[in-house]
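Enquirer: Go by the hints and put chain B onto chain A.
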Amino acid sequence: MTAKRTARTSSFEDTLKRLEAIVESLEGGSVSLDEALDLYEEGIKLSRECAERLRSAEQRIRKLTKDAGGQFALNDMNNA
Amino acid sequence: MEEQTAVSVTEITRQIKQSLETRYPRVWVQGELSNVKFHTSGHLYFTLKDEGAQISGVMWRSRVQTLRSQLQDGMKVTVRGAITVYPPRGAYQIDAEHIQPSGLGELQARFEALKRKLAAEGLFDTARKRVLPEFPESIGIITSETGAALHDMITVFARRMPSVELVVLPVRVQGTGAAKEIAAALADMNAFGGVNLIIVGRGGGSLEDLWAFNEEEVARAIAASRLPVVSAVGHEVDVTIADFVADLRAPTPTAAAELVVRDRRELLEVLANMWYTTRRRTEEVLRAERDHLHQLSGSYALNRPRDLLREYLQRMDEHTRALEVSAGHFLRHRQESTATLAGKLSALHPKNVLKRGFAIVRARDGVRTRADEVVEGESARIEFHDGSVAAHLEKRL
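Residue numbers (the working numbering), protein chains in the order written: chain A, 1 to 80; chain B, 81 to 477.
For the record, the hints were derived by calculation from the structure and aren't laboratory data. Among the hints, a few may not be true.
Claimed, not checked - 25 Å max Cα-Cα, derived PhoX-like pairs, lysine-lysine:
(1) A/Lys66 to B/Lys260
(2) B/Lys195 to B/Lys209
(3) B/Lys97 to B/Lys129
(4) A/Lys63 to B/Lys97
Bound conformation, chain A alone (with noise of 0.2 Å):
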């Protein structure tokens, strides 16, 4: 595995931003049931998959190094 990248934007963050916003909709109060139902269908989708981000318990360290030619590579290290 080698390569120049840049981080993943923070997917998570937005998630949970969108979240907050639903709740925050549905506690405004004048929704419709049809909005309603949207938001709770989408706020039900989102929420499982930030859990599911959280809940993922494999722990991965890598170490980085560079060769001669400046390229970066990442490689698996041991759970010290």
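Expert: Just chain B now, kept in the frame of chain A:
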């Protein structure tokens, strides 16, 4: 008095000189400086003393130029040099090669000098501090591969947020060349770019052990980092130059790991609360809709909305089931209230109402919800949860 062969003053002095200079070609002497004089010739003259004795000293011009510290009277110093004898005055002295403020004093002086310099450049300014991402997905760690610090951090991440990726760039954290390695690693981690922030540090040690983190090149590499940097050096009481430049100073490596990720249990709790609120509010909206329908009951308009309501209720039921499966793990402690809610919701479902022993009386022109709506002798259908029967409605009782 028996007269022995006498030697000249010069001769005895020569012998003393030879004896002393052979015996003390290189010594390290610790003492307090006094009579410090920088002669116009460029040579430095001084006296080194302690409670019991004193010794004169000289440092020749070429060596004075290599001095890194400002010498002054009263300063405790270590002088490295040779003992020499100056025959014209019959005096011995120390011919200094090097003079440095003693031990910690010198390190402290260097620390303060660098701190002043970098502060003056604005490297410690709050405005320079980069904001740490709230939910980092990948974290760069620059430390010794074999040190306790790495182990401690891995343990904390495993407990709080195992899903976060750790990218370790091993370096030597003490000894010659450590500062250079650390600075290079900071640049490399930035060039790599695949992390959201960097933790740089090591476990506890003596001031000398931690010294690399007080070196200017490390400070400048931290300042130059595009990615936010958290310093995590030694113990709570150890403060390094790196701490001042870093975007966040963690008192220990363990604390660094705790500061940069939220605890997932805490987040699951937040999620559970949001999920709960979502359900509660949706249920409220649903109930309001049902109440509205009840007001309409008896009118011809009833059948159509009730079908809609039934669809909605079915959607809710589907979600309830899906949720109980998927959310069960992380909402264990919430399960009781979930079950209660689910029970309430399904109780609203017309079919479940019928199961509880109620029935719907449906005449040709609509549902009969009140006794006085019934026309004596009319036919109707009575709907149970599992089917319908035909009925003939008799007189009111």
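Enquirer: So, for every hint listed, does it hold in this structure?
Expert: Results of checking the hints against the structure:
Between lysine 66 of chain A and lysine 260 of chain B the CA atoms are separated by roughly 16 Å; this keeps the pair inside 25 Å, and the hint holds. A threshold of 25 Å between alpha carbons decides the hint, and for lysine 195 of chain B with lysine 209 of chain B the separation of about 17 Å falls inside it, so the pair holds. A distance of roughly 22 Å separates the Cα atoms of lysine 97 of chain B and lysine 129 of chain B; the hinted pair therefore holds under the 25 Å criterion. At most 25 Å may separate the alpha-carbon atoms for a hinted pair to count; lysine 63 of chain A and lysine 97 of chain B exceed this at roughly 61 Å.
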